[in-house]
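Q: Protein chains in written order, with this note's numbering: chain A, 568 to 681; chain B, 407 to 520.
Simulated from the structure, these hints should not be mistaken for laboratory data. Heads up, some of the hints might be wrong.
[To be verified] Quick list of the computed label-pair ranges, beta carbon to beta carbon: (1) B:H483 - A:N619: 38 to 48 Å; (2) B:P489 - A:E568: 23 to 33 Å; (3) A:R627 - B:R469: 41 to 51 Å; (4) A:H661 - B:A486: 30 to 40 Å.
Think of the CB as a built atom: it goes at the ideal place given N, C-alpha and C, for glycine as much as any other residue.
The lines below spell out each chain.
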Amino acid sequence: ELKVEQNPLFLSMQEGKNYTIYCNYSTTSDRLYWYRQDPGKSLESLFVLLSNGAVKQEGRLMASLDTKARLSTLHITAAVHDLSATYFCAVEFHRGSTLGRLYFGRGTQLTVWP
Amino acid sequence: DTEVTQTPKHLVMGMTNKKSLKCEQHMGHRAMYWYKQKAKKPPELMFVYSYEKLSINESVPSRFSPECPNSSLLNLHLHALQPEDSALYLCASSQDWSGGQPQHFGDGTRLSIL
Chain A
568 ELKVEQNPLF
578 LSMQEGKNYT
588 IYCNYSTTSD
598 RLYWYRQDPG
608 KSLESLFVLL
618 SNGAVKQEGR
628 LMASLDTKAR
638 LSTLHITAAV
648 HDLSATYFCA
658 VEFHRGSTLG
668 RLYFGRGTQL
678 TVWP
Chain B
407 DTEVTQTPKH
417 LVMGMTNKKS
427 LKCEQHMGHR
437 AMYWYKQKAK
447 KPPELMFVYS
457 YEKLSINESV
467 PSRFSPECPN
477 SSLLNLHLHA
487 LQPEDSALYL
497 CASSQDWSGG
507 QPQHFGDGTR
517 LSIL
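Same shape as in the complex, but just chain B (with noise of 0.2 Å):
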């Protein structure tokens, strides 16, 4: 069990639909990320929050949209997907952002869109 917890592990979601991705963590950390991962590839950094601010967003299109309520939760908000955004999505923490911690991963939510 990882000590970063995602939901859903799985979603199906048309293309006109909004749906939402949840991250809780609570070890403390400052620093939370989401990535996408297509299969059989490295993730792909999408958002850096830190200290609940977004401080990296790698040019994103803007149908996801992310949300840091409080220190311990990681929104994804998603609406109007394209099916090309069918993927694992992690979401990630570290201590904070200064470096030299290893990130802790939770164990995705696999996304398909029809």
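One chain only, chain A, in its complex shape (with noise of 0.2 Å):
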């Protein structure tokens, strides 16, 4: 079964500072996606990745795609309090000529503080 790994779990960090969050798979795949979710609320896309090298920002996260490495990244530049959220990757699989379905990581809760 695919497994998606995520980390950091938690992640505080100080307003104005870059970190990155990975998100590592088990299987071969190039579809990737980031949602963000806030406390009680629903998931919201962020990021779509279908491609190796795919990479793609708004505001300040970027988000990129390394199939060969399964591995995709979240980066976060200059950090403000309304990042805070938990950010789940999640991997779509294809097993045999079953359809795709999402695999998710176990989420990276972010808190930015002043």
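Both chains come to you apart, so use the hints to assemble them.
A: Right, dumping it as structure tokens:
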């Protein structure tokens, strides 16, 4: 079964600092998604990465995908308090003829403090 | 506001009750999903409907019964639930099940079993 590992699971960072969240997965896939979840809220789609070398940026967040290394990163630049949330990566996997389903990482709980 | 609408937002029920969760989307999506999410955990896939047909049942106990009356609606019928079934139940939809598109999540129903 596909395994998706995120690290760190908890991240406390000061405003203005940079940091990277890592998402490793165990089986070949070229489709990876990043979601954000605020406490008690739903999941919001942040990035869709569909090929090796894909890079997407939105504001202070940038996501990339290296399918050969089976690694995606979510880089945070100059963090602000509003980025505090839990971030999930999810890998899409096709098993045989079965169409794709998502396998989620455990999530990274990010807290940004002044 | 999300484009996937779930009702009710909160539900408290006894172990002998029968209740239903409802999910609606009007984006023309042909794949719909039910997930269960426990606190501080990633969503766990329960069911997938593709073109109104059940395509995946992740070995979910029979006390959960999904139904897809039409392409816009998805229900989850609940009967004789256990306390461990208390969780946030999320509905999601995507354009179809061929992959490569993000899933859009509703705000969820927070279910408590007494």
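Q: Now tell me, hint by hint, if it's right for this structure.
A: Each hint, compared with the structure:
1. B:H483 - A:N619: 38 to 48 Å: About 43 Å separates the Cβ atoms of H483 (chain B) and N619 (chain A), which means 38 to 48 Å holds.
2. B:P489 - A:E568: 23 to 33 Å: 28 Å, holds
3. A:R627 - B:R469: 41 to 51 Å: 44 Å, holds
4. A:H661 - B:A486: 30 to 40 Å: 35 Å, holds
Comparing the model with each earlier hint shows no violations; every hint is respected.
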